[in-house]
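Read in order, the letters of the sequence shown correspond to residues -31 to -1, 1 to 70 in mature numbering (1 follows the signal peptide of the UniProt record, and there is no 0).
Source of the hints: derived by calculation from the structure; they are not laboratory data.
Do not rely on the hints blindly, as some may be mistaken.
Below, simulated DSSO-like cross-link-like pairs (lysine-lysine); rule was C-alpha separation at most 27 Å, straight line [to be verified]:
{"hint": "1", "residue 1": "Lys15", "residue 2": "Lys68"}
{"hint": "2", "residue 1": "Lys51", "residue 2": "Lys68"}
{"hint": "3", "residue 1": "Lys6", "residue 2": "Lys51"}
{"hint": "4", "residue 1": "Lys8", "residue 2": "Lys51"}
{"hint": "5", "residue 1": "Lys8", "residue 2": "Lys68"}
{"hint": "6", "residue 1": "Lys68", "residue 2": "Lys6"}
{"hint": "7", "residue 1": "Lys15", "residue 2": "Lys51"}
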Amino acid sequence: MTQSRAIQTTTAAALALALGTALTFGNTAIAGEGAAKEKCYGIALKGQNDCAAGPGTSCAGTSTVDYQGNAWKLVPAGTCEKTAAPTSPTGQGQLAAFKDV
């Protein structure tokens, strides 16, 4: 095998490996984006809500206090009511807005 042919073979193998790696990681990210999510009220820290922070606010990042009962974050489905929310009636995240206690 000539030196030029060896370089071409090595380059092709490296390119195939890089492409395979990129496709593997790309598919993992896409699968994560498609996972079921739910709105979880009362778990967002001040200014870190995803949306809905009550009257006088526009949307994402507008909650005015930690654990605000009418501000939500998107979380993986099934995890909301297992997440701490000190201001909620149950002490856990809620699937609907609530008045802070």
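Now for the hints, and whether the structure bears them out:
{"no.": "1", "hint": "Lys15 to Lys68", "in the structure": "holds, 16 Å"}
{"no.": "2", "hint": "Lys51 to Lys68", "in the structure": "holds, 19 Å"}
{"no.": "3", "hint": "Lys6 to Lys51", "in the structure": "holds, 14 Å"}
{"no.": "4", "hint": "Lys8 to Lys51", "in the structure": "holds, 13 Å"}
{"no.": "5", "hint": "Lys8 to Lys68", "in the structure": "holds, 16 Å"}
{"no.": "6", "hint": "Lys68 to Lys6", "in the structure": "holds, 23 Å"}
{"no.": "7", "hint": "Lys15 to Lys51", "in the structure": "holds, 20 Å"}
Every hint, counting from the list given before, is met by this structure.
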